[in-house]
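Asks: Residue strings, one per chain:
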Amino acid sequence: MSASLILIVIMAVMYACGIFMLLERSMTRVLIGFLLLGNATNILILIMAGDIGIAPIVGEGTTAEEIHDPLPQALSLTAIVITFGISAFLLALIYRSWYLGRKDEVEDDEEDIAVGERDVAVADEESDPEYGVDTDFDPEIHVEPSADTLHRPGGSV
Amino acid sequence: MNALVPLVVLIPLLGAAVALITGRRPRAQATVTVIALSATLVDAVLLLGAVDAGGTIVVEVGGWAAPWGIALVVDRLSALMVLVSAAVLLAVLVYTIGQGLADGDDETPVSIYNPTYLVMAAGVFVAFIAGDLFNLYVGFEILLAASYVLLTLGGTRARIRAGITYIVVSLLSSLLFLASIAMIYGAVGTVNIAQIAQRMHQVPPDVQMIIQVMLLIAFGIKAAVFPLSFWLPDSYPTAPAPVTAVFAGLLTKVGVYAILRTETVIFPDDALSGVLMIVALLTLVIGVLGAVAQADIKRMLSFTLLSHIGYMIFGIALGTVAGVAAAIYYIIHHIIVQTTLFLATGLVERIGGNTSINRLAGLLKLSPVVGVLFFIPALNLGGIPPFSGFIGKLGLFIAGAELGTPLAYILIAAGAVTSLLTLYALMRAWNMAFWRSSDEAKDDSSSVTEHLAEAPGGVQTITKRSVPKLMTRATAAMVLLSLALTFFAGPLFAISTRAAQDVVGSDAYVHAVLGKDK
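These protein sequence lines map, in sequence, to chains F and E. Residues 1 to 157, numbered by the working numbering, are exactly what the first sequence covers, in order. Residues 158 to 675, numbered by the working numbering, are exactly what the second sequence covers, in order.
I should point out that these hints are in silico values taken from the structure, not numbers from a laboratory. Possibly wrong hints are sitting among the right ones.
[Said to hold, decoys possible] With a Cα cut of at most 25 Å, we get these calculated SDA-like pairs of lysine to any residue: (1) Lys103(F) - Arg29(F); (2) Lys103(F) - Arg314(E); (3) Lys103(F) - Thr322(E); (4) Lys522(E) - Trp388(E); (5) Lys626(E) - Trp587(E); (6) Lys103(F) - Phe650(E); (7) Lys103(F) - Val326(E); (8) Lys626(E) - Ser195(E); (9) Lys103(F) - Leu36(F); (10) Lys103(F) - Val306(E); (11) Lys103(F) - Trp388(E); (12) Lys522(E) - Ser594(E); (13) Lys103(F) - Arg316(E).
[Unchecked claim] Now the in silico label distances, taken between C-beta atoms and shown as ranges: (14) Leu77(F) - Asp363(E): 29 to 37 Å; (15) Thr62(F) - Leu429(E): 38 to 46 Å; (16) Gln73(F) - Asp664(E): 17 to 25 Å; (17) Leu171(E) - Asp51(F): 27 to 35 Å; (18) Ile8(F) - Asp363(E): 14 to 22 Å; (19) Gly431(E) - Thr28(F): 38 to 46 Å.
The C-beta atom is built at its ideal place from N, Cα and C for all residues, glycine as well.
So that you can see chain F by itself, here it is in the shape it has in the complex (with noise of 0.2 Å):
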């Protein structure tokens, strides 16, 4: 089996980019990201065809050595129109997101602010104000738990 170098590379390239892009916060780029990795998975079920031969008709003279395997395109007919309903669905979850929150991210699990927020309480009655946490801290404003946060308080912080 030969497959064409350009294919092969367009196909890297192409999920370079969408894993990049599907790990950003922006919703928008996610939904980039996930076309680019649909696409590009698409690319390579067309390379795994094989040899490229000739239109796949049944007629007179054709022979099965010289035809393109047929399989891999109807596979990845059925691949695209699933990615474009579910690219349909994401795009109205982006909307919808925007229109209640009026950003475009991916929100702070709450779960997560919520361990930050406990440990830096804890810190808060057990470390000597003076050279312990900051206690200036504000879990109001500071929503995103730092990585310092995250540690047990007392540990090698």
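Please arrange chain E on chain F, whose structure you already have, making use of the hints.
Replies: Okay, now just chain E, sitting in the frame of chain F:
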């Protein structure tokens, strides 16, 4: 007999179409949905009878013979899964209707709930009867797309936030699954599971390993196996109680089923059984420790759910007929009991106003029935004899001891500890919510709860509402079903063993699909 197989998918899909048309008339829609799922249940019973008597049924869709056309394969494992799912889906539907009749449809837009629910049912059934990896992928996508809608019903802020996590994680797992299908096609030139099984041993071992790991990661995310389970406790508890119940009971089990099918039929060589055992161990222990730390019953149950996935992975990792049979029995037990517990928690939420065990108290006086309905499945999940949780775990431990490796014994120990900790978490919840009096709850210096994490989103006090009879009856029916697992444990374990013999070693499956001569 062959007509029974496509009907399992066709009835819910047609029902969904009719339910969509009758969207304006809630009563007609509910009737259509109940009829559709009842018909599916009858179909599933007939199917299991036919398969158990006459062996695996293979339906070639469109009349194209197996390796070329799309095959629908129902062996005993598939038939069992379809039957249990249909029963659970029907019970949860009745529960939802009871809730809808009592509350009206201000919170959940019922006009789309029922059709979506039926589409999800169809997706689950497609996944169970797929004889073709790509069809399995399509089944997953059908059920996932429907589950996205159900999880974000109403579009409140908490649900949208939870929904986004769930959807992005599910999408990633679907893409991984699709990419592994592409690679399998590249390696063996087919997507028919039986034919893949036939040709896989000709593939170089390193390529086999890549494919196996990719499939395991893709299914592991869906089945919520540690370390791929982080999304589950965040997303499930925000959904409406019946939705959480059916997600917890069924959707993760579809992932477990896919792992079971691929590990036994496509990769019978056990190359990764050590890794799977370690994964099972971590899933068991870390999940249950999470459960012990939770104050909210729904979150606590989500953690026990992902902890108990570890038992099933343990059975699959053993790879012997006894291990797989115990895993199949455990899957059936867990689908029913976990769903029942979530339904009972929905009842608790109605009579108590919230689901935090720090705030609930004295519910036994308010409603002894709900107390019993929560107590029985709680004991069951905790593995108290003579309930099915005990039988399933015993089967797994015996299978593990037969294998006799040190890792298997470690897993047996971990399984026993997990069982006890599950019992501890559930009994603590029951004691706090039902047993203690309201006066004790005011004096909150209790040493039992002081270390508990209160989930900020979880503690929303809703107004206390009466419990409709239909909801109680649906939950009671589920409890009775879980008791039936004990009464009929002998025949059920026997059929699980026959189902395991069908899948272990892959020869039986390949012969059934492709014929003996190929």
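Asks: Give a verdict on every hint.
Replies: Tested hints:
1. Restraint check: the Cα-Cα separation between Lys103(F) and Arg29(F) comes to about 13 Å, which is no more than 25 Å; the hinted pair holds.
2. Simply put, Lys103(F) and Arg314(E) have alpha-carbon atoms about 12 Å apart, close enough for the 25 Å limit, and the pair holds.
3. The straight-line distance between the Cα atoms of Lys103(F) and Thr322(E) is roughly 16 Å, inside the 25 Å bound, and the hint therefore holds.
4. Between Lys522(E) and Trp388(E), the direct Cα distance comes to roughly 36 Å. Violation of the 25 Å bound is thereby established for this hinted pair.
5. At roughly 22 Å between alpha-carbon atoms, Lys626(E) and Trp587(E) fall within 25 Å of each other, so this suggested pair holds.
6. This hinted pair does not check out: Lys103(F) and Phe650(E) have alpha carbons roughly 53 Å apart, beyond 25 Å.
7. For the hint linking Lys103(F) to Val326(E), the alpha-carbon distance of about 21 Å falls within 25 Å, and the restraint holds.
8. For the hint linking Lys626(E) to Ser195(E), the alpha-carbon distance of about 20 Å falls within 25 Å, and the restraint holds.
9. As the CA atoms of Lys103(F) and Leu36(F) are separated by approximately 23 Å, the hinted pair is consistent with the 25 Å bound.
10. In summary, the hint linking Lys103(F) to Val306(E) is supported, as the alpha carbons are separated by about 22 Å, within the 25 Å threshold.
11. Proximity of Lys103(F) to Trp388(E) is assessed by CA-CA distance (about 22 Å); at most 25 Å being required, the pair is judged to hold.
12. Only pairs whose Cα atoms come within 25 Å are accepted, and Lys522(E) paired with Ser594(E) is accepted, the gap being roughly 9 Å.
13. Between Lys103(F) and Arg316(E), the direct Cα distance comes to roughly 16 Å. Compliance with the 25 Å bound is thereby established for this hinted pair.
14. Judged by the Cβ atoms, the range 29 to 37 Å given for Leu77(F) and Asp363(E) holds: they are separated by roughly 31 Å.
15. For the pair Thr62(F) and Leu429(E), the supplied restraint of 38 to 46 Å holds, since their beta-carbon distance comes to about 43 Å.
16. Take Gln73(F) and Asp664(E): their Cβ atoms lie about 33 Å apart, and the range 17 to 25 Å is violated.
17. At about 42 Å, the CB distance of Leu171(E) to Asp51(F) disagrees with the hint of 27 to 35 Å.
18. The hinted range of 14 to 22 Å is satisfied by Ile8(F) and Asp363(E), whose Cβ atoms lie roughly 19 Å apart.
19. Checked against the hint of 38 to 46 Å, the C-beta distance between Gly431(E) and Thr28(F) comes to roughly 43 Å, which is consistent with it.
Checked against the numbered hints given earlier, the structure breaks hints 4, 6, 16 and 17 and satisfies all the rest.
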